[in-house]
Amino acid sequence: MLRIYLVQNLYNLSDMATVAEEIDSRAFSDFCGVESSNQVPDGDTLGRFRNILMRNGIQQELFAQVVELLMQRGLVHTVKVTAANEHDVTVTSELLTGDEEEVYGDSGYLGAEKRPEALKKNKAGKSVHYKINRRPSQSKN
Numbered sequence: 068m069l070r071i072y073l074v075q076n077l078y079n080l081s082d083m084a085t086v087a088e089e090i091d092s093r094a095f096s097d098f099c100g101v102e103s104s105n106q107v108p109d110g111d112t113l114g115r116f117r118n119i120l121m122r123n124g125i126q127q128e129l130f131a132q133v134v135e136l137l138m139q140r141g142l143v144h145t146v147k148v149t150a151a152n153e154h155d156v157t158v159t160s161e162l163l164t165g166d167e168e169e170v171y172g173d174s175g176y177l178g179a180e181k182r183p184e185a186l187k188k189n190k191a192g193k194s195v196h197y198k199i200n201r202r203p204s205q206s207k208n
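The sequence shown begins at 68 in the numbering used here and counts up one residue at a time.
These aren't lab readings, by the way, just hints derived from the structure by calculation.
Glycine is no exception: its CB is placed at the ideal position from the N, C-alpha and C atoms.
Careful: at least some of the hints might be erroneous.
[Stated by the list, open to error] FRET-style restraints, in silico, Cβ to Cβ:
(1) Met68 / Ala185: 35 to 43 Å
(2) Ser204 / Ile125: 31 to 39 Å
(3) Glu169 / Asp91: 32 to 40 Å
(4) Asn200 / Arg140: 20 to 28 Å
Whole structure, please, built from the sequences with the hints as guidance.
Here it is as structure tokens:
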């Protein structure tokens, strides 16, 4: 259940979408150790599990441990967990160290460079270039 919860958060999925992906995606089911659709909890169960974690402050501890493991492997330096109603772009500056010359992000970070708190120059005084993916509807085929 914990791995399913991690996948849900990493891919920003609803409870029902997470269940569907666990059943349909070989990569998700392999990561979560799910061998059959009978092993996948329903959306309500996943929601109750998430609420228990949040109510007891376990969510923050869990992600702190994940960040620590990723940092040990040199894959990440910061993770910021936000409520579902908070846009990713609002925390962009909190995710940066100030050493960056280039900032990459998915379409959830569109406009990050235009925000008042945006990092314009790094600690060395070099301009920071934001390379944010456009939404699929903005891409020309």
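Now the hints, each set against the structure:
Methionine 68 and alanine 185 have their C-beta atoms about 38 Å apart, which keeps the hinted 35 to 43 Å range intact. The supplied range of 31 to 39 Å is met by serine 204 and isoleucine 125, whose beta-carbon atoms lie about 37 Å from each other. In this structure the hint that glutamate 169 and aspartate 91 lie 32 to 40 Å apart at CB holds, the actual value being about 34 Å. For asparagine 200 paired with arginine 140, a C-beta distance near 24 Å keeps the hint of 20 to 28 Å intact.
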